[in-house]
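There are 2 protein chains.
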Amino acid sequence: MGQRAAVVGAGHSRFGAVPEGPRALLRTALEGALASVDRGLDRRTIERGYLATLGFGGWQIGNASAVVAEELRCPGLPTVRIENACASGGFAVQEAARAIGSGAADLAIVAGLEKMTDVSSARRRYWLGVSGDTEWERQAGLTFAGVYGLIASQYLARYRVPPEALAAVAVKAHENGALNPNAHFQKRISREQAAAGPKVADPLGLYDCCPVSDGAAAVLLASEATARRYTDTPVFVDGAGASSDFLAVQERPDLLGFAASRRAAAAAYRAAGCRPADVSLVEAHDCFTIAELLALEDLGLAPPGAAGAMTLAGATRRDGALPVNPDGGLKAKGHPIGATGVSQIYEIFQQLRGHAGPRQVPNARRAVAHNVGGAGATAAVTILSVG
Amino acid sequence: MGQRAAVVGAGHSRFGAVPEGPRALLRTALEGALASVDRGLDRRTIERGYLATLGFGGWQIGNASAVVAEELRCPGLPTVRIENACASGGFAVQEAARAIGSGAADLAIVAGLEKMTDVSSARRRYWLGVSGDTEWERQAGLTFAGVYGLIASQYLARYRVPPEALAAVAVKAHENGALNPNAHFQKRISREQAAAGPKVADPLGLYDCCPVSDGAAAVLLASEATARRYTDTPVFVDGAGASSDFLAVQERPDLLGFAASRRAAAAAYRAAGCRPADVSLVEAHDCFTIAELLALEDLGLAPPGAAGAMTLAGATRRDGALPVNPDGGLKAKGHPIGATGVSQIYEIFQQLRGHAGPRQVPNARRAVAHNVGGAGATAAVTILSVG
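Residue numbers (my numbering), protein chains in the order written: chain H, 1 to 387; chain Y, 1001 to 1387.
Careful: at least some of the hints might be erroneous.
[Claimed, not checked] Looking from chain H toward chain Y, a few residues come up when the C-beta cut is under 8 angstroms (computed):
id, residue
1, S65
2, A66
3, E70
4, G76
5, T79
6, R81
7, I82
8, G103
9, L247
10, Q250
It is worth saying that the hints were derived from the structure and are not from the lab. For glycine and all other residues, C-beta sits at the position ideal for the given N, C-alpha and C.
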């Protein structure tokens, strides 16, 4: 796509039930991204701003992108809000990469934000629920935990996968979250604890579900020539793919796997000129433990039904053959809707540059970010690599 | 910006208080855009979809972009929602143009939609109000009519403009709307009627305010090479500019004129390589009559304070020196938030190709579309021309 885009900076707030409001969270992520640029960057050279958010804490619901210019102290910066539910961040990064690809900008910033814990429980359910099909599923009472519970039941039955595979995803997520100072959950759990959580939507229990989190993340993208002025180790966007599907899960031919993820992945691999076997790090959309298993299969990283065994064998741990979600994932790091897809790129930026500290995975050169909206009605897959 | 984008098709629903729901409105606009392509177009060749909407009728609030793929009957089409309040449509068109510019797509569709009349009055106010500054202005009771009333008071006083100038904008809008079968208001009004409307926010009366409308519009954009396969008269996107400003009006140094519009216009003229004097048709964001006067000045088409006299002299009528809003504008055609910016491009597509029927303006070759979010916190200006 035109000139190649690269990530040159990334910032991240603490994820969790934190006291900060939306503006402060956004500021932390934006300033963090600016401060992270190796050779410094004058904020006035940023040409476009993107804001990924579903509800902005139920506060500045319309026209919220203008807040990015305010909090960045860049009056007049062209800004736009991108919303594709939980995939807002992934789509916003792709829009920014295309703006750079088109030559319309040499430097763009993408921020993702959600403030979810200081609103009423009813409003929280509303902001979460609105991204599922409204006519036939949400208003009939089908929650996201419900959808993923149905998927998990069928997955375990069809492929004869033991429920321990789900627990293994949770244990690995918490192991990684414990090493991430920005994670919502920073403590390890045992497989027994994970399996013994109170049921939420059978077979999914408490430890199979990502939390409701506040948080923000931001990344700075530049054209290749501009990127090299700011750093010797830009992280290149090699390929972007996206797709959609019926909002209502009942309209899809099969529950196991998301066609949108599969199509987005195929497009991303094609654009990047690589294959699943070339991937050495994965940021997968694990809103529920079952979702991580599906993601690995949809991304072509495991054959159908094989992701459970792969996880049980430890392949997806930080020191495994294919580390998945070394930051703790949505499951342990947390899932502030609009921030999630941007946070995935933040983690890839740290990992591919070898700056991930105690949670660093060895030898990662090429990573895939997989961000899903709702129960798979939209999906964005982005492939990145380091020089 | 990379390869040049061109409009090759456009569709439009009726605007107004119409019985159709969001899906039907969207379908009308999408199918209209497809049907309008001179040499026909296989919908399966569309590579990206954009949805501009603020509230989707309060129904599919999250992840709504997937509905575009459903209603277009293009399963899997990558779709994304763009929301910048009343400027959502203008920004969505610009995102699509950049996707084409980057080479990521050769054919993209942009739909704008709002369903506003079959929701409760409280919810309607909410969906309208949310785009103003929440912390300091909306929650203190400042409505959009209030903001524009303050602006109008100051405008009339500072420039010694007679209130008849506002009425003249309304009369001209209704004259044009009367010739537009899709307009919300299709009847003429006299200057006396316009001036005698009940006061809404002094000096603005009923006839100074755009209505609350349902509606949808869609445009098809293609790369230049692809466009020429579909039509002999593509309408080219010559330049796109955008900007932002403080959400709170009280933080801006001056009420008269929107800095975001001025900066967006400067960027668009620069990108298009033309000057205001080269423009022969304007689609201006006239959510209130005063807004059209401000727009003409912000776009460099009238000196500060001179747009009133220009309007009173008839220059902005269909047969005037510079026709403005020949479709009736937001004021008479209606203002279904997300649809408005797309509808502006629809009108320019018809006018520049000479297909506008009874409301056709003579000799239009280059047009500017001006789309404002909230009370000027975001703005998108797009310049288009025909062969």
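Could you tell me which of the hints above the structure violates, numbers in ascending order?
10
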